[in-house]
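K.L.:
With chain F's structure known, arrange chain V with the ligand on it following the hints.
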Amino acid sequence: MTNPNNISLNISHALEFIDGHALNIPTLKILSEDGDILDGATAPDLNKETALRIYSTMRFIRLLDERMQAAQRQGRISFYMQCLGEEAAITASAAALKQEDMIMAQYREQAALHYRGFSLEQFMNQLFSNEKDLGKGRQMPVHYGSNELHYLTISSPLGTQIPQATGYAYGQKLKHIDAQSGELSSEIDNVTICYFGEGAASEGDFHAGLNMAAVHKAPVLFFARNNGYAISTPADEQFKGDGIASRGVGYGIKTIRVDGADTLAVYAATQKAREIAVTTGEPVLIESIAYRLGAHSTSDDPSGYRTKDEEAEFKSNCPVARFKAWLLKQGWLNEEEDEAQKDKIREEILAALKVAEKIQKPALEELVSDVYDTPIPALQKQYEELKEHIKQHPDAYPITAGRIK
Amino acid sequence: MAKMNMLHAINSALDITMAEHPQACIFGEDVGYFGGVFRATSGLQEKYGKHRVFNTPLTEQGILGFANGLAAFGAPALAEIQFADYIFPAFDQIVNESAKFRYRSGNEFNVGNLTIRTPYGGGIAGGLYHSQSPEAYFAHTPGLKLVVPRNPYQAKGLLRACIKDDNPVIFFEPKRLYRASTGEVPEGDYTIEIGKAEVVKEGKDVTVLAWGAQMEIIEQAASKAEEAGISCEIIDLRSILPWDAETIAKSVTKTGRLVISHEAPITNGFGAEIAATIQKECFLHLESPIERVCGLDTPYPLALEKEYVPDALKVFAAIKKSVEF
Ligand SMILES: Cc1ncc(C[n+]2csc(CCOP(=O)(O)OP(=O)(O)O)c2C)c(N)n1
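Protein chains in written order, with the working numbering: chain F, 1 to 405; chain V, 406 to 730.
Looking at chain F on its own, in the form it has when it is part of the complex:
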C-alpha cells in the first residue's frame, strides 16, 4: 500500500532496526589487472577508435600531470593538481558521453576535458594565467572551463556544481517534454554529468542536488569519485554506511558502484547510465572506487598522513597499465609505437610550456570586465583612478603599465 508519506509500507511485528551498513552494493569489475575480461563479465561495446582515444587521453594526462607537477616545483606555476590513479574513471566516463553532454567537474577531471578536445596550448594558457587563458587569468591553475566544449568552468567551493547540474539537466530535459501532457515525449538528446569527490559528498549541496534531481527527475549522472582521501581526511572519517552509492539509493536514485581503475567497467556503467537518463529523464549515481595516488595538490604532503606501504599497494594497481594490457591483447596497440608516442608528447608539452610562459598577462581592463555585463559606474570610476595611479608609477606595475591606453 502506498500512503501520503510516499512510502509503500511493509508492515512488520518484529522490533528490528536495519543496520546502517546493511546495504552492500556490489562493485562492477570487467577487466583483470592483467588485462583479461573476467569470467562472467561482458565487455562493453567499445570500438578500436574510441578505445585508443581513451588510452591516448590517459597517457597524455599522465605526462602532462608529471610535467606540470615538476613545473610547480621549479616555481614556474603556482599550483597544480594531478588525477593520478583516477585516469580511467575520468576518461572512460567522459568517453561514454556525447560531445554535447554537459560536464560539471570538481577540479581533478582534466582528462575529461582533454578527451573533449581541450588542447595542450589551452591547458598551458590557463596554467600560466596569460592573456590567452579562456578564464582571463582570474583563477588559480587547473580551474579550466570551455563553453565550446560544454565544460563548466571550475569553481573552488566544493559541491556547488552538484545542485547546479540538477538544474542544468532539468533544462536539457524540458525541450523534450510534451506541452499538453507534461510527459517526456522523446529521448533526451543531452544529459549532464557531475563529478565530485567523496569529501564533497558531505556538503549540504550534495544532498540538495541529489534530492532535487530525484524528486524533479533530472537527467543528471552523478559521478562520485571515491578515492579514499579528502586532503588528509580518510574516507572512514568522512562518511559511514555503504559508501556514496548508498546515498544514491537513499534518495531513490538508480545507483551503481564500479572499480574506478577499470576502464571497461567505468565505460560500461556510464554508457548504461546515460541510456537510462535519456530514456527516462531520471538521475543515476555512479560511485567510482579508486585511489588518489598523488598528493592532494602541490600544496599538500601526504607522507604526513598515509604510509608508503599503502601507496605502494595502490601503485601496483595502475589503471593505465591495466587498460594498456587489454589493448595490447586486442592487438590494437604496440609497445614501440607507444614509447615513441610518449617521447613525442613529452617534447610537445615542454615546447608548449615554454611558449605559454612567455605570453603576456591579461590587460588591465580584464580586472574590471565580466564582474557585470558592463562595469557599473562605481567600478568604472575605480578603474579610471587605477589607470591614473599606474600611469604615475609605471615602474611599480610592470605587467600592465606599458599597455595602458
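For the record, the hints were derived by calculation from the structure and aren't laboratory data. Careful: at least some of the hints might be erroneous.
What the hints assert, rightly or not - Quick list of the computed label-pair ranges, beta carbon to beta carbon:
#	chain 1	residue 1	chain 2	residue 2	range
1	V	Tyr542	F	Asn334	35 to 45 Å
2	V	Lys685	F	Ser369	31 to 41 Å
3	F	Asn3	V	Tyr542	54 to 64 Å
4	F	Arg306	V	Gly634	54 to 64 Å
5	F	Gln380	V	Glu607	31 to 41 Å
6	F	Ala70	V	Gly634	47 to 57 Å
Yeah, the Cβ is synthetic: ideal placement off N, Cα and C, and Gly gets one too.
P.N.:
Showing chain V with the ligand alone in chain F's frame:
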C-alpha cells in the same frame, strides 16, 4: 617569552584552552592528525585525543551547526573553517543561529562558548577563492564579535580573549602572515581586550587605520610618508565588532585627517562604517575628506593581483592627497 610565528602562537592559545577545559573541542576539515592545512592545530590530537580534536566531514554548515549545538551544551567549541572563502555554506548557521541564539531565547540559551577560526585575505596567489576578506558580511550581523590579529603576540592574546568571551566570535587569521615572521610571545596565558584599537605609532598630520595583514602595508606607506615629511599616526583596529570608535575619533580630532585601508572591496566594506561614524564624531575637526584605500569592487583576481591590491604606494598616494587637500 619565546619566539613564535603566528601559527605557533595560535597553537599555543588552543593548547592552553584544551588543558583548561576538559570538554573543549577543536574540529574542522583536516584539523585532526594532520593539524589543518596550515598546521595551526598540529600536535593537539596526540595530546588531547581523537574525541576532542577531530576531522569533520567536509561540510561547513555541518561544522557550524555542530559547533552551535556543542556550545549551547556548554563546551568550548573551537571550530575551524579551512579558508574564510568557504565560510559561506555556514552563513545561515552563523548569521541566523550563532548570532541570535541568546536574543531569540530571552537568554534561555546562548552559544557564547563558540569561537570560529578562519584564515582570510590575499597575497598568496590564491585567486578568487583563496583570498577573500569577508568580515563586512558578518559585521552587519548584531550578536557576533569579529577580531583580526596582526602579529603572533596579538594572535595568542586575542584568541584567548575570544575563547573566554561569552559571545560567539569569528577570529580572522591573516594567512599571509602565518609564517611571515616571528615575534616575542609569552609561553603562559594572557589576553588582550577585545574592542580596543591599538595606537601603534603616534603622529600628528594624519591618522592611518587598518587591521590584520593590511597593517604591514600601511606601516610601509607611513614610512614613505615620513620620508616626505608627513607625520602619521598608525592605528590597528584589531577588533571589528565591537570597534573602538573612541580611540579613532580621539586620534582624528588630533590629526584632522583619516585614511582607512582594507583588502576587501570598497563598497560596503567595513571602512564605510568607520568613515560614516568618524565624519559625524569629528566633523568640525576634519581638514580633508576621509580617504579609503581598498580592494576594487571585483572578485579577487589572480594574474593582476598586484594591480588590484591596496598596496603601500596607493596608501601613500592617499596620505598625500589627504594632507595636500
Ligand atoms: C566549500 C569548500 N570547503 C573546503 C574546501 C577546501 N578543499 C579543497 S579540496 C578539499 C578536499 C576535497 O576532497 P574530495 O571531494 O574527496 O575530492 P578529491 O580531492 O579527493 O578528489 C578541500 C577540503 C573547498 N574547496 N571548498
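K.L.:
Is the gap between the beta carbons of V:Lys685 and F:Ser369 within 31 to 41 Å?
P.N.:
Given a distance of about 37 Å, which is inside 31 to 41 Å, the answer is holds.
K.L.:
Are F:Gln380 and V:Glu607 spaced within 31 to 41 Å by their CB atoms?
P.N.:
39 Å, holds
K.L.:
A range of 54 to 64 Å was offered for this pair. Does it hold for the Cβ distance of F:Arg306 and V:Gly634?
P.N.:
59 Å, holds
K.L.:
Look at the Cβ atoms of F:Ala70 and V:Gly634 and judge whether their distance stays inside 47 to 57 Å.
P.N.:
51 Å, holds
K.L.:
Does the Cβ-Cβ separation between V:Tyr542 and F:Asn334 fall within 35 to 45 Å?
P.N.:
60 Å, violated
K.L.:
Given a hinted range of 54 to 64 Å, is it respected by the beta-carbon distance of F:Asn3 and V:Tyr542?
P.N.:
44 Å, violated
Comparing the model with each earlier hint shows violations of hints 1 and 3; every other hint is respected.
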